[in-house]
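Asks: So you can see what is in the structure, the chains are spelled out below.
Number of protein chains: 4
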Amino acid sequence: MQFRSDNYGPAHPKVMEAVVAANSGYDVSYGADAPMERVTALVREIFGAPEAAVYLVATGTAANVLALGTLTQPWQTVFCTPHAHIAVDECNAPEFFTGGAKLTLVGEADKMSAEGLREVMAPVENRGVHGAQRGPVSITNTTELGRCYSVDEVAAIAKVAHGFDQPLYMDGARLGNAVAALGCSPADLTTRAGVDAVSIGGTKNGCLGVEAVVFFDPAKAWEFELRRKRGAHLFSKHRFLAAQMEAYLLDGLWLETAAEANARCARLAEGLDTVPGAEFLHRPEANAAFVSLPRETHRRLRAGGGHYYLWDADDAELAQDGGPLLARMVCDWSLPESEIDRFVALARG
Amino acid sequence: MQFRSDNYGPAHPKVMEAVVAANSGYDVSYGADAPMERVTALVREIFGAPEAAVYLVATGTAANVLALGTLTQPWQTVFCTPHAHIAVDECNAPEFFTGGAKLTLVGEADKMSAEGLREVMAPVENRGVHGAQRGPVSITNTTELGRCYSVDEVAAIAKVAHGFDQPLYMDGARLGNAVAALGCSPADLTTRAGVDAVSIGGTKNGCLGVEAVVFFDPAKAWEFELRRKRGAHLFSKHRFLAAQMEAYLLDGLWLETAAEANARCARLAEGLDTVPGAEFLHRPEANAAFVSLPRETHRRLRAGGGHYYLWDADDAELAQDGGPLLARMVCDWSLPESEIDRFVALARG
Amino acid sequence: MQFRSDNYGPAHPKVMEAVVAANSGYDVSYGADAPMERVTALVREIFGAPEAAVYLVATGTAANVLALGTLTQPWQTVFCTPHAHIAVDECNAPEFFTGGAKLTLVGEADKMSAEGLREVMAPVENRGVHGAQRGPVSITNTTELGRCYSVDEVAAIAKVAHGFDQPLYMDGARLGNAVAALGCSPADLTTRAGVDAVSIGGTKNGCLGVEAVVFFDPAKAWEFELRRKRGAHLFSKHRFLAAQMEAYLLDGLWLETAAEANARCARLAEGLDTVPGAEFLHRPEANAAFVSLPRETHRRLRAGGGHYYLWDADDAELAQDGGPLLARMVCDWSLPESEIDRFVALARG
Amino acid sequence: MQFRSDNYGPAHPKVMEAVVAANSGYDVSYGADAPMERVTALVREIFGAPEAAVYLVATGTAANVLALGTLTQPWQTVFCTPHAHIAVDECNAPEFFTGGAKLTLVGEADKMSAEGLREVMAPVENRGVHGAQRGPVSITNTTELGRCYSVDEVAAIAKVAHGFDQPLYMDGARLGNAVAALGCSPADLTTRAGVDAVSIGGTKNGCLGVEAVVFFDPAKAWEFELRRKRGAHLFSKHRFLAAQMEAYLLDGLWLETAAEANARCARLAEGLDTVPGAEFLHRPEANAAFVSLPRETHRRLRAGGGHYYLWDADDAELAQDGGPLLARMVCDWSLPESEIDRFVALARG
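As you go down the protein sequences, you meet chains F, A, W and R in turn. Every position in the first sequence, counted from 1, becomes a number in this note's numbering once 20 is added. Every position in the second sequence, counted from 1, becomes a number in this note's numbering once 20 is added. Every position in the third sequence, counted from 1, becomes a number in this note's numbering once 20 is added. Every position in the fourth sequence, counted from 1, becomes a number in this note's numbering once 20 is added.
There may be inaccurate statements among the hints.
All copies of an identical chain are treated as equivalent in the list; a pair is satisfied when it fits inside any one copy or across any two copies.
What the hints assert, rightly or not - List of simulated lysine to aspartate or glutamate pairs, DMTMM-like, C-alpha gap at most 20 Å: (1) K240 x E145; (2) K240 x E57; (3) K179 x E65; (4) K240 x E71; (5) K179 x E316.
None of these hints come from the bench; they were simulated from the model.
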């Protein structure tokens, strides 16, 4: 009963088959391989962006920091939420790859509003060289707390960013989950909503380790290539990244796996509704549930083999008396429904 | 007839099988997986280093620059040769990951001597804070021109480095080829020769994309972990790196594939001995041959499907009249002997 | 009637005389000059720190970022307040000089409490390599809003920082004003309270441009020297920095000028008490007053030649109708009392 | 008898008077002072560059690295000579301020030729993202060995740099000495010769500590301002920098002091011609002589109070037997002729 993270799960069989199939004979190294050409074509079509520059890296952090490094000057500040992966989960990689830019936090948790963004951006840079200058806006969709920005919300945020002459980057580590949950098209949620660059997460949703970075305007494409190489993120046997991404995007596999993960989480949430004392931080919108449970329930789940992280608490606290504790439960596409049902039954006691 | 680079070839079937086998159910992310424990044990045994800290990354550049970043202060200079991969092939990644350290070039080409190193290191740092300070020594084995540092040569270089209180790092992108060519043990060439940290290249010699970084003294292990994460090089589905490396090291597979690649290159060299006008830059010692050929011979090889890089020249020069041109020909473990023989026959005309 | 900043004022005649006196014949460059030896001796005596390493730079930002760069690792986060100069007034210089460390904000404004610090520091670093690691604590005394940390407050903060094995740095751009206001000794407020490194601001309080950086533990002295040179902050004609600092510290001149500036501000505050509608953000404790005034009063002051900054507002807003606006008024040691009285009279209308 | 460096000497009385005169009442901080406006006008006139952006910093290293940081991308390499101050005397400040760019050495010593530059620049960047990319060219005039680039030499180098779409920066730490020696106009040697940015050294030639950075094309002016602040090199009491530079440039004082320093060195050289065993590395062209002398002569000079640096040797070597040793002798504008004569007499024995 594994709900720790969607990066605990396996790769999808179709993705693994593609990797095995790519392992035949010789192919050009460093990104000039044949599968990569097909990946670029797929991305351009899916996102309605015929000029888009498309690149592959192996980790979500690499995607974020190389994209932001390309969009940000060292004397600027990036606007993101307090729960943003770039703010709390990347060990200062954004500062490193931007050459020392700052992060300015907008909102209280995992989502920002257009209005909240405007209030924070407006006063920046009004005293000449003294403070950090306005830089890009970065939002994560789905968010780190498993919520979605709707097409309209994204468009409103893009408008604010562009009003300050700054680009909007979308951390799409779980982009498939957002698209699947919203029922929109990938292009609606990005290109048409005014997103300037996006990452397409593969690792958490069916791949071994691959993320695409997409710049809808290719003006900075060459700079990105130099930054990727200088960041040691250019693969020599790049075909193994491309093969994964091709299989992942082909025929909408990425949206299928995302929809499955989301459905698993919905099933989990329905089950948890029946658990005494369970209270959601907010109703799950994609593949992650944040739910508060009595300590006794946590102890029973732990004892019975339920794996998930407590949020803002150590497992050591479970041994102590006290009130309910918040947990994060993430469902990946491969999670058997029976495991969910067993988990819920265990929670109910 | 593919001699462009050993990173053009496929992964070894045993490595690929291990990756497929790892793709089952859930495993802990970010390096705490079970295969990684076994990799660490294997490396410690093979290198006779029971305390060694062992880490995996996906590219050779990442291995080099994260290792050197950990060993180097930003105000120091790293001593390497003019042909060192870190000097000419990493787009300033060493400068980036060290926070702005310098590279000081020793020797004329791909190898340094202990005496040559001493002459360059001695005058550094004799004027207080003004110049760059002495930093680590970095050698590549086999070198970028396909030669080996013997155990004695490494030990002599280590002695000079340590005499200046600096560590010795060995870029082992082709470490297996060196060990196989020298007929020594991995421990002889590293731990016992005074090497402080080494990378074990997997990508060019049978893997999809994985390199190990080994610190024989674990004092800087935690710093390395932070640097790896901050460099965006920590894989969430790390088990796929570990599975590759485990299969690669198990039962000496890495030395088998390296020996095969070296043998292919020896066969190629013997064949080239019979080609009119062929002159070796130096006799090949591992899996790469640097050989000068008449332009007419190059044209015939190109026309017949022979793939390799001209060294210090563009293919455009082949269309012009002129003297012989130097080529690099690299053999990977998977290269069929028949392809070599066909290539040689074509070269002989 | 100049209240814009204490960096608008002139140098003290004794400081200028020392600079002129230093301009005779030859002296050793790069910090090995005779006046610097005397400066070091003076600082060690004044701060009761016989081992202290003492360095001079020309700007307050340089003092802060070179000191913090020496104390902070790139993967750490520095704890400071939202109004800290390092957070809002140094254009990402701290991020640049630390190699990409983060700033984590403690408290709501210009001061942190020991308890508030503990609450923010405690949860940092509880998830291994993923987040920024705990780094130094930085407080400014007097603060950016003109308040003082008492000896007890500093000691309590130092205790928290040390409890997490982190050093405490004090930005002393206006250290003299704090010491003068508190009536303590410089050693009480720093060495004995547990401060690990401090800057002694000269520029705002009687010098042309010089700040001292003091490490009470000299373990990192050589690293600081390398960082200063690499930051391009080592003066060749260093004697002109040393001459300023010597005159400034000699016979307590720095505390005299600070006391004068504080007294000017107290006189200003007393005067403002009589101005209709004047409301202090908090009672001035040193040489800066933050006071809210009706727009009409601001307009009258502006028209009559009163110079000061609106806080969080542009002068353009004065032309519009609306409520009172907050202003910052800073008094330097050279400010004539008559100017203050004239200013207050003008404010009273 | 002080020949150690031109940074051992005092400031010119006119410069010091200007500093004293600037110390009156209040002035705007951070570079918006009245003297700075006059400095900008002076520079534009002297260099025939009506659009030039002009900035002041306090050290020569700051001028170099902030200028190069503005002109260089982190993945590029700067072309300079092996003796360049940026290569050997700035403790990796160029790497730090460029974000990790490399330096590629051209020529054997202190001067590069246009042809030599072309040969080194041409092969750079011919393998895509793998190596460092071509960056700016940096020359020092007068050079670190006291020689001049003529107007024609500069123009030829500029042509090569521009042919590769790269700018030419001139490190003018001793620009006055070059202009005075060559008898050309400042505009001839810079603007009209194709120099894109230049520093005007004040510190070594009559100031306390000030250097100007001039961009003839102001396109990067704002970026420079942000970099200066972020580098902690923006002075709050900037008027004291501006006052120095104004007095220094006014009525050609900087060329007068430079001519005096050059004349002192010529007198020294003439004297050394009569010293047995004296051999010049090359005939002095400006204010520095590099001369080889028998050890016995060095010992006599040291014993008699002659101060200068041995070049590539420690003073400790003087105690040993051996051949002649090379010395650097630098004359500053304030050096009394009688001291030179006394020194020469001592050398003659």
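Asks: Let me make sure I understand: some of the numbered hints might not hold for this structure. Which ones are they, in numerical order?
Replies: Violated hints (numbers, rising): 3, 5; every other hint is consistent with the structure.
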